[in-house]
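Visitor: As a plain string of letters, each chain reads:
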Amino acid sequence: MHVQLTLNTPRRVCFTDITHHIKQAVNDSGIAEGTALVFVPHTTAGVTINENGDPNVLKDLEFALERAVPNTGFHHFEGNSDSHTKTLLTGPSLSLIITGGRLVLGTWQSVYLAEYDGPRHRNVHIKIMEG
Amino acid sequence: MHVQLTLNTPRRVCFTDITHHIKQAVNDSGIAEGTALVFVPHTTAGVTINENGDPNVLKDLEFALERAVPNTGFHHFEGNSDSHTKTLLTGPSLSLIITGGRLVLGTWQSVYLAEYDGPRHRNVHIKIMEG
Amino acid sequence: MHVQLTLNTPRRVCFTDITHHIKQAVNDSGIAEGTALVFVPHTTAGVTINENGDPNVLKDLEFALERAVPNTGFHHFEGNSDSHTKTLLTGPSLSLIITGGRLVLGTWQSVYLAEYDGPRHRNVHIKIMEG
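Chains as they are written, first to last, in the working numbering: chain A, 89 to 219; chain B, 89 to 219; chain C, 89 to 219.
Bound-form chain A, shown alone (with noise of 0.2 angstroms):
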């Protein structure tokens, strides 16, 4: 099965959970043993997994990706190269387990929408497999 969401970013770096999608897709599919690959066709916005606890931990990555990748000394006209790197960094594509017809994560662990260039329109595609 393969579903495609919409979502909206509300800043320029920001972490939007989408695990209840991701959730809802492996309910949809009726699949009890398999994977989900979730993926993200956009070149300045990845997918990562972080903690869903303290919303500290959220701003501390913003901030040290940010410290990490300064938007200073770039040639690319759109002054985004920082969100392209950060994106290099974050990765297009998470792959994760499915048993019993359940998602298998940790107890802090959340799917982020990880936007380094918005606030924009994404997309994300979810692909279930059976297996």
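Treat the hints as calculated values from the structure; they're not laboratory data.
Wrong hints could be hidden among the right ones.
Copies of the same chain look alike in the list, so a pair counts if it fits in one copy or across any two.
Below, in silico cross-link-like pairs of lysine to aspartate or glutamate (DMTMM-like), each with a Cα-Cα straight-line distance of 25 angstroms or less [to be verified]:
| hint | residue 1 | residue 2 |
| --- | --- | --- |
| 1 | K111 | E218 |
| 2 | K111 | D142 |
| 3 | K111 | E166 |
Given the coordinates of chain A, work out where chains B and C should sit on it, guided by the hints.
Guide: Structure of chains B and C alone, referenced to chain A:
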């Protein structure tokens, strides 16, 4: 087939070779052609591939990550936002190819649990898919 | 279906577009619905997706990675610990969705072999899974 490992990591930041566990899972599955998905259900540890020759490579990886993501300036109360950031950079999942009943791995490649906030008990999930 | 490519990379750090090879593998497989896994069996090169429009984006990626991971302070005797670190940050595998016999890719997305210690001969594995 889906299996779960439990490991103890020895230090705050370290790389533990888990290649033999994945090879064992491939063997146990009896699957000749397919994929192996390795998934870490934590938010301060990930999974990566890197060199298994000179152990200085792993020390250099720790040093380079520490330099790129210093543990200063953060707000999260647990003091491990550097660990969360390194986990984002490393990723929680890794997909491998199985052909002829064996993992496709380069000569110098091993698969490592990347611990960024140990020592801890850690879980690793391995899913073998036929196809 | 499992295919292996061999490429020559032209410089120490560069991004080589391999999208057409993956599309060819999808076509050759005859599979309409499934996934494509791209795997790089090296420890100083990885695989990523990024922009295929302005070539300055790729130059900016090289610059930003060089700034985040300077090749100083390392112990590994081969002098390429920066390359190993960039490979950890990029990742060795990439999963893509196939639907209607075609890869799901955004308008600006191309798949690149990310070379961090060239020029070299490099291998790339592509695995097409139906489902």
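Visitor: Each hint: holds or not?
Guide: Okay, the hints, checked on the actual structure:
When the C-alpha separation of K111 and E218 is checked against a cutoff of 25 angstroms, the pair qualifies both within a copy, at 15 angstroms, and between copies, at 22 angstroms. Taking the closest pair of Cα atoms, K111 and D142 come within 25 angstroms of each other only inside a single copy of the chain (22 angstroms); across copies the shortest separation is 37 angstroms, beyond that limit. Within a single copy, K111 and E166 get their C-alpha atoms no closer than 36 angstroms, and across copies no closer than 29 angstroms, so neither meets the 25 angstroms cut-off.
In the structure shown, a violation is registered for the earlier hint numbered 3 alone.
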